[in-house]
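Colleague: Residue numbers (our numbering), protein chains in the order written: chain A, 254 to 497; chain B, 2 to 210; chain C, 29 to 108; chain D, 760 to 985.
For the record, the hints were derived by calculation from the structure and aren't laboratory data.
Only a predicted model underlies this, so the values are computations on that prediction, with no experimental measurement involved.
Treat the hints with care, since some could be wrong.
Claimed, not checked - Straight line, CA to CA, 30 Å or less: simulated DSSO-like cross-link-like pairs of lysine-lysine: (1) K489/A - K25/B; (2) K340/A - K25/B; (3) K836/D - K489/A; (4) K260/A - K496/A.
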Amino acid sequence: MWTWFYKLASPPYVYGTAAALAPWFLGLAAIAIGYGVVDGLVFAPPDYQQGDAFRIIYVHVPSAWLSLFAYVSMAVAAAIALIWRIKMGHAVAAASAPIGASFTLLALATGSLWGRPMWGTFWAWDPRLTSELILLFLYVGVMSLRSAFEDPARGDRAAALLALVGVVNVPIIHFSVVWWNSLHQGATVAKFGKPTMAASMLWPLLSMALGFMLFYGAVLCMRLQGEVLNRERQAKWVAEAIKS
Amino acid sequence: MNTAPDDICVDRVHVWRGDRHVLKGVSLAMGPGQLVHVSGPNGTGKTTLLRVICGLLRPEQGSVSWRGQPISTVRSEYQAALAYASHEPALKGDLTALENLRFAVGLKRRVSPGELRASLEQTGVAACADLPARVLSAGQRRRVAMARVLAMNAPLWLLDEPFTNLDAAGTGLLTSLLQSHAQGGGSALVVAHQELAMGRDMRRLELTA
Amino acid sequence: MGGGGNQIVTGTGFWSMGGYARYVWPCFAFAGMILGWNLWSARRYRVAAQLRARRALEAAETDRAAPTVVTIPRTAGGKA
Amino acid sequence: MSVGPCEAFALVVRRELRLSFRRPDQLLQPLVFFLIVTTLFPLGLSLQLSLLRDMAPGVLWVAALLSSLLSLDSLFKSDADDGTLEQLALCGQGLTVIVVAKTFAHWLVTGLALVLVSPVVGTALGIPGSVFATMMLSLGLGTLTLSWLGAIGAGLTVGLKRGNVLLSLIVLPLAMPLLIFGAGATDRAISGVSAAGALYFLAALCVFTCTLAPFAATAALHITLE
Chain A
254 MWTWFYKLAS PPYVYGTAAA LAPWFLGLAA IAIGYGVVDG LVFAPPDYQQ
304 GDAFRIIYVH VPSAWLSLFA YVSMAVAAAI ALIWRIKMGH AVAAASAPIG
354 ASFTLLALAT GSLWGRPMWG TFWAWDPRLT SELILLFLYV GVMSLRSAFE
404 DPARGDRAAA LLALVGVVNV PIIHFSVVWW NSLHQGATVA KFGKPTMAAS
454 MLWPLLSMAL GFMLFYGAVL CMRLQGEVLN RERQAKWVAE AIKS
Chain B
2 MNTAPDDICV DRVHVWRGDR HVLKGVSLAM GPGQLVHVSG PNGTGKTTLL
52 RVICGLLRPE QGSVSWRGQP ISTVRSEYQA ALAYASHEPA LKGDLTALEN
102 LRFAVGLKRR VSPGELRASL EQTGVAACAD LPARVLSAGQ RRRVAMARVL
152 AMNAPLWLLD EPFTNLDAAG TGLLTSLLQS HAQGGGSALV VAHQELAMGR
202 DMRRLELTA
Chain C
29 MGGGGNQIVT GTGFWSMGGY ARYVWPCFAF AGMILGWNLW SARRYRVAAQ
79 LRARRALEAA ETDRAAPTVV TIPRTAGGKA
Chain D
760 MSVGPCEAFA LVVRRELRLS FRRPDQLLQP LVFFLIVTTL FPLGLSLQLS
810 LLRDMAPGVL WVAALLSSLL SLDSLFKSDA DDGTLEQLAL CGQGLTVIVV
860 AKTFAHWLVT GLALVLVSPV VGTALGIPGS VFATMMLSLG LGTLTLSWLG
910 AIGAGLTVGL KRGNVLLSLI VLPLAMPLLI FGAGATDRAI SGVSAAGALY
960 FLAALCVFTC TLAPFAATAA LHITLE
């Protein structure tokens, strides 16, 4: 059973698999997102409360989920890299950070655009959006720490440790922000919850979420090839890999 | 294999610094009572090798073992048996020479101020035992660092450029200390880019670019 | 396909998004930008890495460095 | 007769305190910074104590957070620069005992000093005397937790040239729950509501950080020492 795990440690195998998987992920992602957008914008009925403004959910919620999913997968890759000293784990963590950060940005932008009609302002310190903002700071911290070291191997290990410390704090931060929000604002303001979802509203959301995850897989595989090459420049297998 | 396992056995160690392949397959074996002089032009990884041997730096390939066991498994026992002197004398400027020794050696073994003054005496800097380290000259600081190595009573010495800033008397003193350490069954690995007047009883490991 | 929104009938109403066009379309546009940026920067990153690797390999060809370390056998001068 | 961990802990704490008291001006700087930052707010807002009182817990805590961050940079940097950190790492005691001792000594010198000064700042911001106990307790727990989070950040950025900006960037997001529960506790104490809830959360956060952070900080130092 363990052979695939050790195969994951060999750079040429990772490079080859990433190169092979990327187009598949991208194709599936295109289908899922295409269906989600069309179904969500055209066929799903408007929400009885928010009207058509609720359609922003089809972009905001999947990107919020993905931003968290990317951080957790970065932390898992970092843990594998630190514990079993597998360099490819650092490559995966380094590749997934910018993707996660970009989707955190997307979640924040769409969240505040969605908040404008509901609260009258772009930012009302909603607990979920505030946690998303702090997640963005965690991403920036990890990425800038990684690039602050001249020796990339040391930068990888430092960023891996910070990713682990960060992932342990994400639930704590979310809980304390929710506690803080309930303390000051009380429950009067309409909670930023998902409106009750009819089935026809739910399908596009699930397919958009799946589409975003597949898209993350595709971009991760593409970035991973670059990260692996940067870390294996001296290796002999790199010669044929570049020619192909 | 020889009867007593070596004190130190370095086995094909490879280290990269970013893109530079600093150590390419270094191997070394050192038994009790032996002195090794690691020499070579600047930038060939002498200090890196020393840091790998003392366990500060983990090599990408190859291993370092102490009395037959890899140092990562016997870390505290190994560190208790070695005294490392880096190329800076590693003294706190605000603490006096005696305090520096007390806080450095005191972590390794219970030691009385009298013993510390004796080792400062041995390296000829007893006079500045109570002066803050920042007012000492580079040579005096080097001698205080030497006194620290002496006071640790460690069988294995790992010295990085110990002869820098030393005057003729200091060099002679360090040479005799190394010889008496070797006669007492201790071993030492000295990194120095210049020639050492140690005569024949010092093996040489030449690192080339 | 569920209740089916009524926009399909009015067609023009679709673009107005029930009056919220100012918020819905920028969101989807921004999402498109982020997806596009990810693809573009990932491709650029991979190409740059391949270029650097190629250049490093050529450099490695030119100076086939000899092995750096000469190990002196233990018996030379050392005590038994 | 090798030295046990407790003895080593005591020795390193004594070393750190002696080093800090050899340079008292460096001890005062974070405290003066704390006072300056808290005087900025009334100048920027208004001098009515009633208005200030609402802002007081937040102002106090943000100032405490920033001034602790200011002094965290020196936790490992001075030892790393003059090579003594390597000696400490190789003394056979293991780096964890050293890191615990250094961080505890650092907290005594910075965090505890902040707590002792906070009543002065509290009255200046209109915080009633009856609340000082809760305020000081929450500040004590908070600064200890922050010292530990800072130890991880300092361990990660010790080798870098412009490390202290990055240190703040790394530590502040992790310190936000701290600020929420700390300022929350003082705020509720001021408004007469029992601050027990927030204090319990703060204490839980402190215990959680103090147990896990030593190992993370040691791992961070091993990464940058190599």
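Colleague: Please go over all the hints and tell whether each is borne out by the structure.
Modeller: Tested hints:
1. K489/A - K25/B: 17 Å, holds
2. K340/A - K25/B: 20 Å, holds
3. K836/D - K489/A: 40 Å, violated
4. K260/A - K496/A: 23 Å, holds
When the structure is compared with the earlier hints, a violation turns up for hint 3 alone.
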